[in-house]
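*Asks:* Just need the whole structure built from these sequences, with the hints factored in.
Those protein sequence lines, which keep their order, are chains A and B.
Mapping of the first sequence onto the working numbering: position 264 corresponds to residue 264, and the numbering continues sequentially without gaps.
Mapping of the second sequence onto the working numbering: position 95 corresponds to residue 95, and the numbering continues sequentially without gaps.
Derived by calculation from the structure, the hints in this document are not laboratory data.
From a predicted model like this one, the values you see are computed outputs, not experimental measurements.
Ideal Cβ placement from N, Cα and C applies to all residues, glycine included.
Treat the hints with care, since some could be wrong.
[Unchecked claim] Far from chain B, some chain A residues (derived; all Cβ distances over 10 Å):
no.	residue
1	Tyr434
2	Leu536
3	Leu567
[Said to hold, decoys possible] Which stretches of chain B does chain A cover? Using the computed rule of at least three CB atoms under 8 Å from a CB of chain A, they are:
no.	stretch
4	88-97
5	118-129
6	222-229
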Amino acid sequence: MKNISRSHFLLDMTTSPSLKAKAYDEMAAKKTESGRVQSPVTGTAPYTGQWGQTQLLHLLRRTLFGVSPADYLSFKNKTMEQCLDILLSPSPLPSPPVNAYNNKDYTDPDIPLGKTWVTAAYGDNNGMADGNRKANLKTWWLGLMLSQPSSLNEKMILFWSNHLAVQMALVKDARYDYHYLTLLRTHALGNVKTMVREVGTSPAMLVYLTGNSNTNTAPNENYARELQELFTIGKGTDSHYTQEDVAAAARVLTGWVDVDEHRIGTDFNPAAHDTTDKQFSAFYNNTVIKGKKGAAGATETDELITMLFNHRETAKHFCRKLYRWFVYYQIDSHTETNVINPLADILIQNNYEIKPVLRALFASEHFYDPLNTGCLIKNPIELLVGTCRQFQVAFPGAEDVVKQYEAWNLGWTLKLMGMDPGEPTSVSGWQAYYQNPGYQELWINSTTLPLRNSSTDQLLSQGGLPVNNKTNLHIDVLAFTAELPDASSPDKLIADSLALLSPNAFDPAEIAFLKKILLSGQLSDHYWTDAWKAYLSEPKNEMTESTVLTRLRQYYTYVLQRPEYQLI
Amino acid sequence: MKRKVFLKTVLPLAAIPVALTSCKFKKGGFLDAVFGSNVHDNRILVLVQLQGGNDGLSTIIPLDQYTNLSAARKNILIPENKVLPLNGTSVTGFHPAMADLQNMYNRKELTFIQGVSYPNPNLSHFRATDIWLTGSDTNTVLNSGWLGRYLDKKYPGYPGGYPNAQTPEPPAIQIGNMLSGALQGKAMGLGISVINTMSFYDMVLGKQAVAQSTRAGRELDFMRMAANQTQQYTSVIKAAALAQKNLSERYPSNGKNAIADQLKIVAQLIGGGLKTKIYMVTLDGFDTHGNQANPSNTIKGRHAELLGQLSTAIAAFEDDLKLMGKHDNVLGMTFSEFGRRIHSNASNGTDHGTSGPVILFGSKLKGGFVGSNPQIEAKVKPEDNLSMQHDFRSVYASVLKGWFGLTDEELKNTLLSTCPVLDLFTSKS
Chain A
1 MKNISRSHFL
11 LDMTTSPSLK
21 AKAYDEMAAK
31 KTESGRVQSP
41 VTGTAPYTGQ
51 WGQTQLLHLL
61 RRTLFGVSPA
71 DYLSFKNKTM
81 EQCLDILLSP
91 SPLPSPPVNA
101 YNNKDYTDPD
111 IPLGKTWVTA
121 AYGDNNGMAD
131 GNRKANLKTW
141 WLGLMLSQPS
151 SLNEKMILFW
161 SNHLAVQMAL
171 VKDARYDYHY
181 LTLLRTHALG
191 NVKTMVREVG
201 TSPAMLVYLT
211 GNSNTNTAPN
221 ENYARELQEL
231 FTIGKGTDSH
241 YTQEDVAAAA
251 RVLTGWVDVD
261 EHRIGTDFNP
271 AAHDTTDKQF
281 SAFYNNTVIK
291 GKKGAAGATE
301 TDELITMLFN
311 HRETAKHFCR
321 KLYRWFVYYQ
331 IDSHTETNVI
341 NPLADILIQN
351 NYEIKPVLRA
361 LFASEHFYDP
371 LNTGCLIKNP
381 IELLVGTCRQ
391 FQVAFPGAED
401 VVKQYEAWNL
411 GWTLKLMGMD
421 PGEPTSVSGW
431 QAYYQNPGYQ
441 ELWINSTTLP
451 LRNSSTDQLL
461 SQGGLPVNNK
471 TNLHIDVLAF
481 TAELPDASSP
491 DKLIADSLAL
501 LSPNAFDPAE
511 IAFLKKILLS
521 GQLSDHYWTD
531 AWKAYLSEPK
541 NEMTESTVLT
551 RLRQYYTYVL
561 QRPEYQLI
Chain B
1 MKRKVFLKTV
11 LPLAAIPVAL
21 TSCKFKKGGF
31 LDAVFGSNVH
41 DNRILVLVQL
51 QGGNDGLSTI
61 IPLDQYTNLS
71 AARKNILIPE
81 NKVLPLNGTS
91 VTGFHPAMAD
101 LQNMYNRKEL
111 TFIQGVSYPN
121 PNLSHFRATD
131 IWLTGSDTNT
141 VLNSGWLGRY
151 LDKKYPGYPG
161 GYPNAQTPEP
171 PAIQIGNMLS
181 GALQGKAMGL
191 GISVINTMSF
201 YDMVLGKQAV
211 AQSTRAGREL
221 DFMRMAANQT
231 QQYTSVIKAA
241 ALAQKNLSER
251 YPSNGKNAIA
261 DQLKIVAQLI
271 GGGLKTKIYM
281 VTLDGFDTHG
291 NQANPSNTIK
301 GRHAELLGQL
311 STAIAAFEDD
321 LKLMGKHDNV
331 LGMTFSEFGR
341 RIHSNASNGT
351 DHGTSGPVIL
361 FGSKLKGGFV
371 GSNPQIEAKV
381 KPEDNLSMQH
391 DFRSVYASVL
401 KGWFGLTDEE
411 LKNTLLSTCP
421 VLDLFTSKS
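*Replies:* Following this line, the structure appears as structure tokens:
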């Protein structure tokens, strides 16, 4: 028991909480061993080095869900500035989710197939309609990720759902969840302060963190606490807000209620509002928010948000969240000084507009520091949605919404991998983004890693990846390979596909093995070249097709099984 | 005279109507019945794939064709007096590098089947390999492997619900390569591959990669360690490997003989009680277009090295299994995508050909050989090829029926064809 090493952690974590705790300690100790992991010393100075394949692919991997050959080609001849312009363009709001869940066992009483439910009545009283709609909403969201344009938008929406977390299943109404998700979508690349203000009094958040039961007679500190601890100030070393501050903020926030089942929205109820003055601690410069009567009581919330965002800790906390999402989980004193603080300055100077800070990060020396590439473990959505996007897995079109939503429904698999979209582990988000010391390594354990591997194995297999026992998803390895610059040369096929699929170089022995797969163990390149050319000249010929298909399936299966494929 | 001796020798086996048999191929019609358990449940098949196309004429040498053979391939011909003789026949012998296999043959622990191919053979490595692995006709494309179809029935629903308490083992294990097309089921490959023999020992011993100092290096180390530990079948494989050491002293040291390294792992897992039905190992390099044999001393050269490795490896493997007491449970079989041309080329090698011998090894074999020496014409043209005696699916059928106990109906559904079954095993088996 004494010698619990990091290697035992994986096997034991599913069985023994105490071993797990010990393993954490051991891991923490290992991480602090001096000089073990080189920390980059670069900062936010603009990156002026070479703008080549390595840098572009790094940017695309971190900002998109998977980089397809087409993605790469569309950005290939652009400058870094041009790439950032495209990536930072918000996408227009999509049309809402539609009923794709009517089936022989269940029919939504109000919504016909193909029509949206987001503004309809609650539905049947037994919750059947609502349950179906919630699942439908998540599937729709996955569909938007799967068909994302070349924009950071979708990855930012997921970021926000982790940062301003709501566990959708705990919100009583699917329409509230849609409203929440629409807020995240609307402000994804907008203003942090506006986002926090809007989400804070959204019906979903009022229900989720029980702000709707926070009244002058019975204050409820739930939201007021998370607002400071998680959504704004955070718990950094310079965060010193007090329990009294939590209580004062709760009193400011009294009176907000989600409305009723007929109208999705929020009301401010002056009768439930605490109209006394609220005194904050020295941490907030002894700010007093004057108590107000009537409808004006709602403006106290705006004052509270302004007070929180006037504190530098809010900017630092947000930049740390961005850093852990887009760069790496470890933030040492170097990174704090050279990256987090300068980014916080940019955020404050720009009145919490998010695009300038993202642009500064993605144009910084630090971001392109070779020490920061290929070190982020893909979260389950990055892995699964990313793989589908990377290989441009075909999905049914909107002409058959039932089939389309069935195919998008990766939620169950993602849940088993630990990342059900819309259902972060808690209000703190997914543990991989905050739980010291494991952080991103928490995505990986003895259950999830085999599942990750078998999912990509199945996507590449003849049978495909079964989704909900209804649809099977397939990677078309022939189409992917045909998009590479020169697939007739085994060496080039390997180099070009690996560049897209792995940020870290493969060992020469692995590359030799990959070539062996393509050549079926033969020594001359022409065996592959001939087979590939025969296929290109007769793509419909079952025999020429199966000859290359068999080998490419093995090839990509091997690549996707490598630990390298789990990193971006 | 010599021919008469030969016929007498092989009479017990030659009594089966095998000459120029081919299989009647039927695509589709695969029934969904699950194979019941039977007395053959502890039996294991080890396939040894000789990649590149093994030159059968220099592996199993037809001494009664020696004059014509010497005219066709003077520069690579094995001297008659160096050919290793076999008990009970004077017309057929082994390549001099195969002394260990000669001993096994003489102990009736090795059988070979002559002239194995299929009608209208394909001379492309890729296509011919796929035909052998899937068990298809020359002009048909099958998307599942011959053993994958067998395992699909043995492990219904795989990979869903596996491993489980009754079936902790992987259905098949491929060593040294990606999971073979032979093990491809209707939807998925059935089994796992242990690609690197050295990393296998690291996994068994729980060795960790040397920690790297970069962020990416650290995460790669973590992922590698996680991959080693969380492969679904790791614990059962590790348990088997730790339960049984290799006992034979005949294995060359690791890294010297690729096929021995692979078979050594197979023996250890079988000895350790793993119930995996099929193992596949691979030896590369049989595509001997050049320098197949050293013209100044034809018993040396690339082909001799490969056959020597194969012979040593199989003998060590069999010795190991005997010492472990598992000898009677294991059948081995070599195959190659094609044989080579009768006529040698000017580079002291041979080009792609057609039929060749399949070698089976194991204690339950009757011994002897099936079929007859290939016939070599007096004037062989460079493009001439050997004719077929046995359809390769007939060999598969004989193994599936004789070794795994499939019924005729199951056989038909697995091979998607009706094939003559050769009588290869002792009656007690």
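*Asks:* Now tell me if each hint is right for this structure.
*Replies:* Cross-check of the supplied hints:
Residue placement check: tyrosine 434/A keeps its beta carbon more than 10 Å from all beta carbons of chain B (closest about 18 Å). For leucine 536/A, the requirement that its beta carbon stay farther than 10 Å from each beta carbon of chain B is met, with the minimum near 15 Å. Look at leucine 567/A: its CB is around 6 Å from the nearest CB on chain B, not clear of 10 Å, so calling it non-interface is violated. With 0 residues bearing a CB less than 8 Å from a CB of chain A, the stretch 88-97 of chain B misses the requirement of three and the coverage assertion fails.
Coverage of a stretch by a chain is defined here by at least three residues with a beta carbon nearer than 8 Å to that chain's beta carbons; for the stretch 118-129 of chain B and chain A the count is 5, and the condition holds. Counting residues of the stretch 222-229 of chain B whose CB lies closer than 8 Å to any CB of chain A gives 7, which reaches the minimum of 3, so the coverage claim holds.
Of the numbered hints listed earlier, those contradicted by the structure are 3 and 4.
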